[in-house]
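Turn these sequences into a full structure, and let the hints steer you where they fit.
As they're listed, the protein sequences go chains A and B. With the working numbering, letter number 153 in the first sequence gets 180, and the count goes up by one each step, no holes. With the working numbering, letter number 61 in the second sequence gets 64, and the count goes up by one each step, no holes.
In case anyone wonders, no lab produced these hints; they're calculated from the structure. Predicted model, so just to flag it, every value in this text is computed and none were measured. Here a beta-carbon is modelled for each residue, glycine too, at the ideal position from N, C-alpha and C. Some clues are possibly wrong.
Claimed, not checked - What follows is a list of derived Cβ distance ranges for each label pair:
(1) A:Ser259 x B:Lys46: 44 to 54 Å
(2) B:Ala28 x A:Pro126: 28 to 38 Å
(3) B:Lys54 x A:Gly85: 34 to 44 Å
(4) A:Gly85 x B:Gly53: 52 to 62 Å
Claimed, not checked - Within a straight-line C-alpha distance of at most 27 Å, the following computed DSS-like cross-link-like pairs (lysine-lysine) qualify:
(5) A:Lys133 x B:Lys45
(6) A:Lys122 x B:Lys45
(7) A:Lys251 x B:Lys19
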Amino acid sequence: MSHDLIGNIGNTPLLRLNKIAVGLPGIEIYGKAEYFNPGGSVKDRPALNMILEGERSGAMTSGKVLIDSTSGNTGIAYAMIGAARGYKVKLCLPKNASPERKRILKAYGAELVLTAAEEGSDGAIRRVREIYNADPDRYFYPDQYSNDANWRAHFNTTGPEIIAQTEGRITHFVALLGTSGTFVGTSRRLQQDVPGVECISAQPATGFHGLEGTKHMPTAIVPKIYDDQIASRNLWIDTEDAYKMVRRLAREEGVLVGISAGGNVCAALTVARELHAQGKTGVIVTVLCDGADKYLSEHFWDDPEMDVDSWSI
Amino acid sequence: MARILIPTPLRQFAEKNDTVELPGATVGEVLGALTAKYPDLKKNLYNDEGKLRSFVNVYLNDEDIRYTGKDATAVVDSDVLSIVPSIAGGKNVR
Numbered sequence: 028m029s030h031d032l033i034g035n036i037g038n039t040p041l042l043r044l045n046k047i048a049v050g051l052p053g054i055e056i057y058g059k060a061e062y063f064n065p066g067g068s069v070k071d072r073p074a075l076n077m078i079l080e081g082e083r084s085g086a087m088t089s090g091k092v093l094i095d096s097t098s099g100n101t102g103i104a105y106a107m108i109g110a111a112r113g114y115k116v117k118l119c120l121p122k123n124a125s126p127e128r129k130r131i132l133k134a135y136g137a138e139l140v141l142t143a144a145e146e147g148s149d150g151a152i153r154r155v156r157e158i159y160n161a162d163p164d165r166y167f168y169p170d171q172y173s174n175d176a177n178w179r180a181h182f183n184t185t186g187p188e189i190i191a192q193t194e195g196r197i198t199h200f201v202a203l204l205g206t207s208g209t210f211v212g213t214s215r216r217l218q219q220d221v222p223g224v225e226c227i228s229a230q231p232a233t234g235f236h237g238l239e240g241t242k243h244m245p246t247a248i249v250p251k252i253y254d255d256q257i258a259s260r261n262l263w264i265d266t267e268d269a270y271k272m273v274r275r276l277a278r279e280e281g282v283l284v285g286i287s288a289g290g291n292v293c294a295a296l297t298v299a300r301e302l303h304a305q306g307k308t309g310v311i312v313t314v315l316c317d318g319a320d321k322y323l324s325e326h327f328w329d330d331p332e333m334d335v336d337s338w339s340i
Numbered sequence: 004m005a006r007i008l009i010p011t012p013l014r015q016f017a018e019k020n021d022t023v024e025l026p027g028a029t030v031g032e033v034l035g036a037l038t039a040k041y042p043d044l045k046k047n048l049y050n051d052e053g054k055l056r057s058f059v060n061v062y063l064n065d066e067d068i069r070y071t072g073k074d075a076t077a078v079v080d081s082d083v084l085s086i087v088p089s090i091a092g093g094k095n096v097r
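Structure, rendered in structure tokens:
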């Protein structure tokens with residue numbers, strides 16, 4: 028038991044989602060409960076590793092300002108870790124990030140630069156590059172989309188934890204792509220250490236979507252750390268299905284998670300149904316990226332069409 | 004003519020335009036003119052029942068049309084319609 032904030036990042040529970048896998052005998056679905064991290068999301072892991080790597084390499088020193096673009100959770104992780112380690116943090120994010128999110132960032136003392144909502148996360152990326160390039164000596168720019176310390180965080184921690192928590196029984200890993208760090212790092216570890224494991228990526232079905240923090244690669248700026256050779260295939264996820272799964276997870280499992288986590292469980296359930304249809308068994312693991320607290324003002328909670336009862340299984 | 008702001012991911016379906024000017028007396032008519040002009044936008048904005056998809060937010064000037072009469076909200080010349088995906092709240096956009 029660590030008494031240090033940063034020492035409590037990682038080692039999250041692996042939750043078995045029995046109700047989601049109902050009617051699929053011999054198939055186990057697990058969610059890596061990343062909302063147990065101190066910053067509330069999976070992004071604590073890459074943020075910490077990128078900062079530690081910056082300190083090791085000398086790119087981050089006490090006088091510099093950490094700057095990056097973020098749709099939210101990485102920013103919260105930077106701001107939290109920055110506060111704990113005494114660094115100034117400046118973040119570019121789209122204007123339509125939720126008010127709660129902006130308040131969390133400000134509470135940790137971060138400075139916010141808001142970019143056009145219409146341009147999404149790509150607009151925030153462009154803005155941070157402009158600011159950094161204008162005065163590179165002043166800033167430490169981890170650039171989560173291009174930094175190998177992002178995926179290595181998952182190679183070094185998330186992957187080994189999943190292997191230990193399933194006692195090496197994992198057969199399938201599936202996750203939505205955002206920076207792609209979670210999928211790339213975890214999959215590289217699994218493919219190295221677990222013979223026969225299949226790693227399947229997922230993406231929003233359309234370029235215009237509501238899956239916070241994820242990317243539709245055919246229409247987005249593709250992150251430098253993304254490696255399209257890792258996944259055996261890709262599943263395309265509809266935002267509406269993720270909304271329904273979020274509500275179902277809360278009601279049936281007591282697991283109150285964010286929209287990308289709902290999308291991840293949709294992807295896991297798709298794999299589970301395929302295996303069942305083929306008469307196979309399996310141990311499927313996905314990631315519960317964050318909790319629902321930052322999404323409670325979304326409309327889908329009140330939309331009858333997104334109700335659990337309308338879910339067709 | 005109302006001005007419609009097209010978000011980056013949808014510009015590929017709208018001949019790369021970031022803004023389009025179209026006629027219409029209501030939000031529904033303006034959006035109808037938009038999807039008539041660019042049919043590929045339709046499946047991005049509407050579900051199979053012809054309703055705006057749940058994560059699609061439309062703002063008339065600064066107001067979310069959910070609270071101003073939805074499709075029936077009146078539009079006058081010089082109004083600006085913004086189409087914004089709900090990525091994290093989606094309110095207080097402008």
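Exercise. Looking back at the hints listed earlier, which ones does the structure fail to meet?
Worked result: Per hint list: 1, 3, 5 violated.
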